[in-house]
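Novice: Residues per chain, in single letters:
There are 2 protein chains.
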Amino acid sequence: MTKKPLIIVTFYPKKRKIKLEKDISILNAAMEANIGIRTECGGKGICGKCKIIVKGKKAVSELTESEKTHLSREEIATGYRLACQTFPKKSVEILIPEESRVSARKILKFGLESEIPLNPLVRKFHFKLKKPSLCSIEPDYERLLQALSTFSNIKDVKIDYTILEQLPDILRNAEWDVTVTVWNNRKIISVEPYDTSKILFGFAIDIGTSKIVGYLVDLNNGKTISTASIENPQIMYGSDIITRIAYASENRDNLHSLQKIVVDGINKVLAQTCAQAKVNPFNIYESTVVGNTTMHHLFLGIQPKHTATSPYVPAVKSTINAVAREIGVKMNPSGIISTLPIVAGFVGGDAVGDVLATEFHELKKTSMLIDIGTNTEVFVGNADDILSCSCASGPAFEGARVTHGVKAEIGAIERVRIGSNFDVEYETIGKTGPVGLCGSAMIDIVAEMFKHGVIDSGGRFNFQIRTPRLKISNRQAEFVVAWKNETTLKKEITITQKDIREIQLAKAAIYAGCSVLMKRKNVKEKDLNRIFIAGAFGNYINPKNAKLIGLVPDVPTEKIKFVGNTAIIGAKMALISKEARETAEALSRKIRYIELAIDSEFEKEFINAMQIPHKDLRKFPSVKGYLH
Amino acid sequence: MTKKPLIIVTFYPKKRKIKLEKDISILNAAMEANIGIRTECGGKGICGKCKIIVKGKKAVSELTESEKTHLSREEIATGYRLACQTFPKKSVEILIPEESRVSARKILKFGLESEIPLNPLVRKFHFKLKKPSLCSIEPDYERLLQALSTFSNIKDVKIDYTILEQLPDILRNAEWDVTVTVWNNRKIISVEPYDTSKILFGFAIDIGTSKIVGYLVDLNNGKTISTASIENPQIMYGSDIITRIAYASENRDNLHSLQKIVVDGINKVLAQTCAQAKVNPFNIYESTVVGNTTMHHLFLGIQPKHTATSPYVPAVKSTINAVAREIGVKMNPSGIISTLPIVAGFVGGDAVGDVLATEFHELKKTSMLIDIGTNTEVFVGNADDILSCSCASGPAFEGARVTHGVKAEIGAIERVRIGSNFDVEYETIGKTGPVGLCGSAMIDIVAEMFKHGVIDSGGRFNFQIRTPRLKISNRQAEFVVAWKNETTLKKEITITQKDIREIQLAKAAIYAGCSVLMKRKNVKEKDLNRIFIAGAFGNYINPKNAKLIGLVPDVPTEKIKFVGNTAIIGAKMALISKEARETAEALSRKIRYIELAIDSEFEKEFINAMQIPHKDLRKFPSVKGYLH
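Sequence lines, in order, name chains A and B. My numbering puts the first sequence at residues 1332 to 1959. My numbering puts the second sequence at residues 1332 to 1959.
For reference, chain A alone in the conformation it holds in the complex (with noise of 0.2 Å):
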């Protein structure tokens, strides 16, 4: 026997050298080399997108009728072949053009800088099925299966039987020329005339406690085309998740009530976004969830009363993959909606997607995430272990609850400087005039009024000053951050007595949160390599005053990241990637959690950290020049 000659291909723009062993196409030799070359029919020479162009003709097979089919004169006259036809005689170089690299359909994650594999759970598929004849007897359904699998490779296949009723007329209707949407390799969930392959959507929700805020993203490309959100309807049934719960607790009609509500607010947002970017809502062929565990229960319609006492059980916490008609979710009813994982009685889904979109579970060293809303989630850990916890923060950050305070949308004041002279500089999203405070500039007021004197470390208003914007009025002390004259409603923007103690309640639970993790973890602020804070309460927060609150750990400035809400991120990695989706589940698996409503310090911990910035200096060395 001779020896078989070495082949090497080297694929271009990567310059990867591989050897050749067998005889095998180049599209195989890529594959088992993890070199990534788009493929739709599994190297077939059905689907035509495995293009690459190849140096030298001469080194490899000839073209093949499937070649001719799918290539252009031109291409064939530049070198361009189809990787899955194409073996190799001798040693060659490959280029790998753009528009068949499966890096090149990375996407960029929002916030952060790493990048994931475009790899949503749904796909599309374009063929034409053979007519029936009298020679050609099988039916629909088993001819589809059978034009899908030679296609596509997707055997043992099942179908939303639904989708039965209409599939004779539409086969028929189309001249049998047909887009079959598949989830997850396993379900078809949609069978449209002609191709339709280019219009594949899906959406990303994120369930807050007070708000609800939605992604349409284009699952050919990963981009998010359009966003929306509103206030979580359910807040008419209470502000904060005990109250709802409570009111689930009391018959299953007020827990269908909960459930409904909050779907028919899903379905505003669908709608908005959809109308924004003129998507049909039917296009949506699948819906990721996050949020907190009494949101994820009450989505789902489960009775959520025992994650609220001890032993604080949730009823399930694995992925539930439900459909969307099943739901009353008004995308295409076929559609799957897939809630992400949660951890714990408090810690959910929406915490799971803030760790997937930070990397939290990759990080080599010990940091910090706290996601802040209604209820905010803290964890502390690495690549080795991650501890949570949820603290019952209230809605003061999200503008809840706070005389003049207003979600981070336009008009809203996002930074607040105090000058000399108890001056006060702010901006607002959008650069209008102002319309209220939201969450970014709460931070900076109580922060900037600390410093300046104007409230002391128990937040109590210091009437000692001079200044026209502190005042009582209508028997409530406040100061004045803009005048009547400067906002857009004609109303002085203000802060009040109240308003300080509200953020003070919502910035000693943090805190407390953050502190009772790092004592069970046993990590010092000098081991904290990072503190990522996410949340939808602004674009933007400013770390130092954070710090001068006492709202997170005092670590060096440059070490506190502000991320963007994250576990929107998380949900809309999700939707663009199976990979994100195992990740997840794992993630629900490995997060720990300690459940501060029984933990002996948590109590005292909150009632040191509502002075400013803590009742023990220490833990706030770099604070320590403001104080007075």
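Heads up, none of these hints are tricks.
It does not matter which identical chain is used: a pair holds within one copy or between any two.
List of simulated lysine-lysine pairs, DSS-like, C-alpha gap at most 30 Å:
1) 1909 to 1489
2) 1518 to 1636
3) 1462 to 1852
4) 1489 to 1636
5) 1462 to 1636
6) 1461 to 1636
7) 1461 to 1921
If you are wondering where the hints come from, they were derived from the structure by calculation, not from laboratory data.
For this one, chain A is given, so just place chain B on it according to the hints.
Specialist: Relative to the frame of chain A, chain B by itself:
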């Protein structure tokens, strides 16, 4: 190494000996030798079902703790052991008591004598979960899966998400002592408080063009505990399937009406069987459905119009498993409705049921099976190959379109004999006064009238004969079967010239189907080992008379066997046996189909078969003696 001495275990009552070559439990030894011993936990000592009686304590291992829990003191004294806990030390005799025998759990099929093992797809498991605590915070669903897997060895199971809604309350209200219903080892469809394992029902449905029949079956023993039937309410949209298909083709609303009305009909039958047997419909966890292809499509809401035009292709062939609440059948809302697979455009799941119930697919010798209904399916073949067709025979034999036709119910005349002097003797179902004529009586009447010269071979009345029974009334010639004073309703029961015509049309369609199939299979009358006649048109058929009118081929009378409603027996078999369901799936692929609508000889055959018994008397040698 010393060689292990050879151990022989003899199992009674069947006295089967097996040699043990390794150290394994009696249960595993029996499993390997394919000797059935009940077990639910798969040999973990948890379920306590694998009780055996050991002859000679010393031949086996010591009693384990698990056995002390599951066996009473009396049982232990008698020699009872659990097979999974018992390891033989030397040769031993084992009696498998009735309660532990899997073979003892077989059931007898209706009509036919063969047995099938009881192995429904739905199974119940009763067990207790460990109560959660602060040291064990696994969520409810994951806790349930863990316990189910420990108890039953069932893993990778999904859950109908609607069950999660009340799961937390159910578990806690029942103090973690629950019964879980699992479908096909794949999906949890119910979680109920405490032990409900004895309450497990299934429902078999036959949707005929004219009649809906339901059997309520106890899935713990495979027994039918009540039955009911009603007229198919779709009849108001046309008595034949072509009219209904035309109606459904007009628009989606029509299609949905037809679906809704048949589901309503099924719900009536279901409610009736439940009321009779005092069973809560909630405890019906699975339903199997048979029907011809049109009924099948309309039940699932699938557009059937394309089955009516060339190339007569159905929408789907294989088994559809749908969730009850989605279809609207009022059983357990999470229960599963499985349609038996179909063969082709006009040979449906009912035909697969016929073959299954008669074990036609296992016959060594070539035979024929005719399921008479509004659509009549005919099969010719044996274990090697089965050819089928469907004839539009009309509803005459089911009582419709015949002046005094009734269904086979109490008061229906089911047998008729005409004596000398044209006296009429008849028998009714339930031995009550007569109310009308069912299918078997119509066969008898036409045959008897023909034998006695009341009608000629064209089906025309012979007014030469002298009897007051033959008369003209309302310009219609008729023959009196029962005089006014004999009947329950005090109205004459007659058979008119038009009625005879209807019966001729029906029998001609059926015979023509038989004839075409025989030609295609190249089978003569002498080659037919058996003719099975199935149908819901009576309890009995007179085979001589069936031949005499030319309904079936002329074979020796003893070869004709009436087997009743085999379609629903097939549905019931699928309900109680996973294996039967697999066989059904294989049959749907195996049975070949001939489309009579495009068969070149069908029309000629049909016209020739209009005569009594047939235009070509050489085909009916045994009938010659009756000819005038």
